[in-house]
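Peer 1: Sequence:
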Amino acid sequence: MWRYAAKRVLLSLPVLLGVSVVVFVAIRLIPGDPAQLMAGQAATEEVVRQIRQSLGLDQPLPVQYLYFLRNVLRGDLGRSLFNGAPVVEELGQRFPRTVRLALASMAVASLIGIPAGILAATRRLTWVDTAVMVVALVGVSMPVFWLGLNLILVFSVRLQWLPAFGYETWRHLILPSLTLGAASAAIVARMTRSAMLEVLGQDYIRTARAKGLSEPVVVNRHALRNALIPVVTILGLQLGTLLSGAVLTETVFAWPGIGRLLVDAVLARDYPIIQGTTLLIAATFVALNLAVDLLYGLLDPRIRYE
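Counting from 4, one number per residue, gives the positions in the sequence shown under this note's numbering.
Since the hints were made in silico from the structure, they are not lab data. Among these hints, one or two may not hold up.
[Unchecked claim] DEER-style ranges, computed between Cβ atoms:
1. Asn74 x Glu201: 46 to 52 angstroms
2. Leu140 x Arg228: 39 to 45 angstroms
3. Leu240 x Leu19: 14 to 20 angstroms
4. Phe168 x Gly215: 54 to 60 angstroms
5. Glu49 x Ala286: 36 to 42 angstroms
6. Asn292 x Leu140: 23 to 29 angstroms
7. Phe148 x Glu48: 39 to 45 angstroms
8. Leu19 x Leu162: 44 to 50 angstroms
9. Ser197 x Val25: 51 to 57 angstroms
Even for Gly, the Cβ is constructed at its ideal location relative to N, Cα and C.
Produce the entire structure from the sequences given, and follow the hints as far as they go.
Peer 2: Okay, here's the thing in structure tokens:
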């Protein structure tokens, strides 16, 4: 397994290199000049030229990229063009907050989605199955910002139970995690139902029932573990998406994560922030995919890594 993990890590390096090239070129194709934004509209061309020269933006793109790549290999992602703060420090402050929100949202999605999917599968073609799938469809279709605003209206404005904005205490985490977790729970419920229905139709499940095992034992000990592989895949992808920054949720609840950081950087043409944040997101997805692949072997002993 360790050889497989090492091989996957080595194969991820070209992926990250490709991501860095695409992002580096793409953000420079966006209309707008960061030097002009920093200097202001009333600045002269000479001032703008000096700022552009001090930032190295007057160099050819290949030269700029080589400087950027060299600094990345040294662990230096540069400094923000507007506040001068090191990008590593900015990400170090913002990313743990996004991780905190993402993990809480995934806990909500798992605690709601997996039991709901199991219930729908074991009550197939009944009103329970229909109700769970209708609620899941509504959850998938519901705009995140709309749900977040309604939760604020009910629990913060009218009932005054929970704070609407901020991130200082665990109470600030409840509403944004429910908002994000609702959509993920709907996806997890649908996937769990589909996987459980496939497993419950297998011969070994019929054999277990023929032996006289109770239905909870058949479902929880024999069916659920084999049905978890596609569910774990979905959970890994959802966690990667959440860790990349839930922009709308972080905006609605004023949660200072990397999603808001990335949006603000794009609007300000802050190249170092955009590049560093995108590389962090790509590395996070690569790490999560590797973790999910390794988890398959724990769930199903038949899976071997050569």
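Peer 1: Of the numbered hints stated previously, which ones are contradicted by the structure, given in increasing order?
Peer 2: Going through the list in order, the structure violates hints 2 and 9 and respects the others.
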